[in-house]
Amino acid sequence: MKAVGIILAGGNNNRMGILSRKRAIPAMPVGGSFRCIDFALSNMSNSHVQTVAVLTQYNARSLNEHLSSSKWWDFGRKQGGLYLFTPTVTADNSDWYRGTADAMYQNIDFLKKRHEPYVIITSGDCVYKMDYNEILDYHIAKKADITVACKDMPVDADVSRFGVVRMNEDSRITEFEEKPLVAQSNTISAGVYVVRRRQLIEILERAAQENRFDFVSDVLIRYRNIKKIYGFKIKDYWSNIATVDDYFRTNMDFLKTDVRNYFFRQDPKIYSKVDDLPPAKYNVGSDINNSLISSGCIINGRVENSVLFKKVFVGKNCVIKNSIILNDAYIGDNTHVENCIVESRGTLKANTYYCGQDGIQIIAEANERYLL
Amino acid sequence: MKQNHGEINTKLEQTRSDNVIKKEMIAMLLAGGQGSRLGVLTADVAKPAVAFGGKYRIIDFPLSNCINSGIDTVGVLTQYQPLRLNTHIGIGIPWDLDRNNGGVTVLPPYERSNDSEWYTGTANAIYQNLRYMENYNPEYVLILSGDHIYKMDYEVMLDFHKANNADVTIATMPVPLEEASRFGIVIADENKKIMDFEEKPKEPRSNLASMGIYIFSWKVLRDALIELKDQQNCDFGKHIIPYCFEKEKRLFAYEFNGYWKDVGTLGSYWEANMELIDLIPEFNLYEEYWPIYTKCDTIEPQYIAQEGHVERCIVGESSEIHGAVINSVIGPNVYIGPGTVVRDSIIMKDTCIGRNVTINKAIIAENCRIEDGANLGVGDEAPNKMNPNVYAFGLVTVGDDSVIPENVKVGKNTAISGVTLKEDYPNGVLASGEVIIKAGDRK
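Heads up: the protein sequence lines correspond to chains A and B, in order.
Sequence positions in the first sequence follow our numbering and run 1 to 372.
Sequence positions in the second sequence follow our numbering and run 1001 to 1443.
Just so you know, these hints were derived from the structure itself, not from any lab.
Note that beta-carbon positions come from the ideal geometry of N, C-alpha and C, so glycine has one too.
Check before you lean on any hint, since a few could be wrong.
Unchecked claim - Not everything, but these chain A residues come out facing chain B in the computed CB check (under 8 Å):
(1) Ser47
(2) Val259
(3) Arg260
Unchecked claim - Straight-line distance between alpha carbons at most 25 Å, and here's what the computed SDA-like set of lysine to any residue pairs gives:
(4) A:Lys71 with B:Asp1096
(5) A:Lys78 with B:Asp1098
(6) A:Lys71 with B:Tyr1289
(7) A:Lys321 with B:Gly1337
(8) A:Lys273 with B:Tyr1286
(9) A:Lys71 with B:Gly1354
(10) A:Lys256 with B:Gly1354
(11) A:Lys71 with B:Lys1295
(12) A:Lys71 with B:Asn1100
(13) A:Lys269 with B:Cys1352
(14) A:Lys273 with B:Ile1067
(15) B:Lys1295 with A:Arg260
(16) A:Lys129 with B:Asp1096
(17) A:Lys349 with B:Glu1288
(18) B:Lys1151 with A:Lys269
(19) B:Lys1295 with A:Tyr262
(20) A:Lys273 with B:Asp1096
(21) B:Lys1361 with A:Asn283
(22) A:Lys269 with B:Tyr1335
(23) A:Lys71 with B:Arg1099
(24) A:Lys273 with B:Thr1298
(25) B:Lys1295 with A:Asn261
Unchecked claim - Label-pair ranges, simulated between beta-carbon atoms:
(26) A:Lys112 with B:Lys1162: 54 to 60 Å
(27) A:Ser69 with B:Gly1258: 28 to 34 Å
(28) B:Asp1159 with A:Tyr370: 27 to 33 Å
(29) A:Asn305 with B:Asn1284: 51 to 57 Å
(30) B:Lys1162 with A:Asn305: 53 to 59 Å
(31) B:Glu1307 with A:Lys228: 52 to 58 Å
(32) A:Asn351 with B:Ile1093: 40 to 46 Å
(33) B:Asn1367 with A:Glu175: 49 to 55 Å
(34) A:Ser185 with B:Thr1087: 30 to 36 Å
(35) A:Asp236 with B:Glu1288: 19 to 25 Å
(36) A:Asp236 with B:Val1378: 22 to 28 Å
(37) B:Pro1338 with A:Glu202: 40 to 46 Å
(38) A:Tyr370 with B:Pro1338: 35 to 41 Å
(39) A:Asn64 with B:Asn1367: 37 to 43 Å
My request is simple: use the sequences and hints to build the entire structure.
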């Protein structure tokens, strides 16, 4: 492969509510058995990008645990490997990553030491499948300086939290506005960039000299008229999970046959850390409709239109409706959960009632599990 | 100067022999058996590679026991149909047995310059791999077989072996006295020292049945294997243990009181799978302190559709269920179509079951296709015509990669293997006790 990969996995935002209190967004569980970063990592691996750096900063414990071995994504080779870069104190720098460009600049030695001519930069909070060779070929064919993967959002979608782009007929990006108040188009940046390695080093060094730290506003937007920045449209499924609503919707998308088949049945596959959990068990009284159930679950109640992550316990006479139950949650007998996200390792007492009235309710309860 | 040189030489020799990686105990896992009583299930695979409990294979249990007991060097002796076993074990990653020193090694029979032979018996197979064991210079060797379902801490057994200063320790389990005549029985004194053996005794004097698990002190095993190397079909139970006993070695019986199941027949195999479904099964896969590891090709969650119904089941990863599944064990990546009803059955990985199929008390192996409207397990029982001892228990047994055409009826105590066509079913029916073996056609 002609490129190294960089996965930006450091960010935090307050739109995830208490869900991001526990973990960085790329470590959020997605689609029953996966973590969000699995999608970017598997894309890298499936595109034969053998050397990948993951830049983390915010609350990286859960993410580091997930990435404790790189073998699940088939990294960990003599040629290449998976590198985790958290901010460190050095002789001439003791700052945290002050932005995405700064994060890459602080690890510029990694970029300088490599020999691959291109760099593929992606974010760790998107759910998508992509062959990076296609965007790279496009980048080369267009003789672009930077190529940005873009996604046309539905007309009614709120794009105000994304970078909104406008392209000319040659697909060159003419306008790029970050988090606009009023969006001029519904085409957004998908957070995947291709750039020549030397070009990137040059840009990052210059940005650092000017005390500019953000890759989008200080590089893409600032350079959009001097550099040739092209857009590459993603036609298939792409979703960013960085708000509670988007996170909920993305997980619910996996209940749709086409989305499920696209991610679970069609090659290439998405990989994740293997947990060695036993198969799911359905006891007397279990009644499941239109739901995803992961390994290690034990179910004694009713589950409808829901996604149950690994090792969830559902007690007798429970009703779980339109909900997402994260890893290792325990739901006591006779409990009703509707329109909720139950935080991982949470323990819900028996005989309780939860229902998200207007919107999704997040339940994070740490009751004593075995005294119930 | 010369003297000096000599010194260096002896030093070199010392370091060389000392440099052999020392392992306290290594395990030798006998996985070469056919398991012919599993009928078409083992037509193309060795018994240890047969699926069990949804996502596992039988060999996962002894391999997981090894790593959970701190044994990181395991030789797996293969002979009969080893392809799936080899693929499954690979370099041992799922069991953490990919090691720089030790790890898992697959040991097939091999050609030698003067005399080559297959493994002719359990002890003969171990004898042919003396060099493998010598590599690790162990103190103790654990002999295991790859066809039992159990969780056992071999380290506790080793402690027992050491505490008794034993030469051989045989793992035993108490069985009901009336069943004892089906087993090899050991008679031990109050200190568990073995006084006598009985093979399938009519009137058993003890209820301690041998489990086919042995710990040998390495020198004792080595001497016995070399001494008996010309014994025809040299076997642990028949030759090595009696030899050690005659030589007045210290033989002890270690009593194991957990769950242990020999899944040697289709009936016991089916039963052991069904026991996993119990509300709190005697053999509990959900305990966290003794995980069972296996190679996972699929990690995706399973999907139960709007019209699906699943009760009293265990279901593997990535399966998709549109029909009703009751009291069954479903493997990974299985598809069950709408309108289909599966009861009291075992369905292994990658199998696809169409619409409006009815399946009662069947074992359907991997990568099969059951087409729409088929009805398996109908009618009254009749003894199987080909092999009444194997295909009994009222089961329908379907081998790997089989196809059953649409709308046919299949009776009880039947076996099907290979791609079958409508013509193979007279009037669309395979009567109870009949067999269709077309395995050769699949290429």
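> CA of Lys71 (chain A) to CA of Tyr1289 (chain B), is that 25 Å or under?
Replying inline: holds, 24 Å
> Taking the beta carbons of Asn305 (chain A) and Asn1284 (chain B), is their distance inside 51 to 57 Å?
Replying inline: About 31 Å separates the Cβ atoms of Asn305 (chain A) and Asn1284 (chain B), which means 51 to 57 Å is violated.
> Is the hinted range of 40 to 46 Å satisfied by the C-beta distance from Pro1338 (chain B) to Glu202 (chain A)?
Replying inline: violated, 59 Å
> If you draw a straight line from the CA of Lys273 (chain A) to the CA of Tyr1286 (chain B), is it 25 Å or shorter?
Replying inline: With Cα atoms ~19 Å apart, Lys273 (chain A) and Tyr1286 (chain B) stay inside 25 Å; holds.
> Holds or violated: is the Cβ of Val259 (chain A) closer than 8 Å to a Cβ in chain B?
Replying inline: Hint violated; Val259 (chain A) Cβ to chain B Cβ min 11 Å, cut 8 Å.
>> For the hint 30 to 36 Å, verify it against the beta carbon of Ser185 (chain A) and that of Thr1087 (chain B).
In response: violated, 51 Å
> Does the structure keep Lys1151 (chain B) and Lys269 (chain A) at a Cα separation of 25 Å or less?
Replying inline: violated, 33 Å
>> 49 to 55 Å was suggested as the range; check whether the CB atoms of Asn1367 (chain B) and Glu175 (chain A) agree with it.
In response: holds, 54 Å
> Does Lys269 (chain A) pair with Cys1352 (chain B) here, judged by a C-alpha cut-off of 25 Å?
Replying inline: holds, 20 Å
> Is the Cα-Cα distance between Lys71 (chain A) and Arg1099 (chain B) 25 Å or less?
Replying inline: Between Lys71 (chain A) and Arg1099 (chain B) the Cα gap is close to 14 Å, so the pair holds against 25 Å.
> Given the hinted pair Lys256 (chain A) and Gly1354 (chain B), is their alpha-carbon gap at most 25 Å?
Replying inline: Roughly 20 Å separates the two Cα atoms, so the pair holds.
> Keeping to a limit of 25 Å between CA atoms, is the pair of Lys273 (chain A) and Thr1298 (chain B) held or broken?
Replying inline: holds, 11 Å
In this structure, the earlier hints numbered 1, 2, 9, 16, 18, 29, 34, 35, 36, 37 are contradicted, and the remaining ones agree with it.
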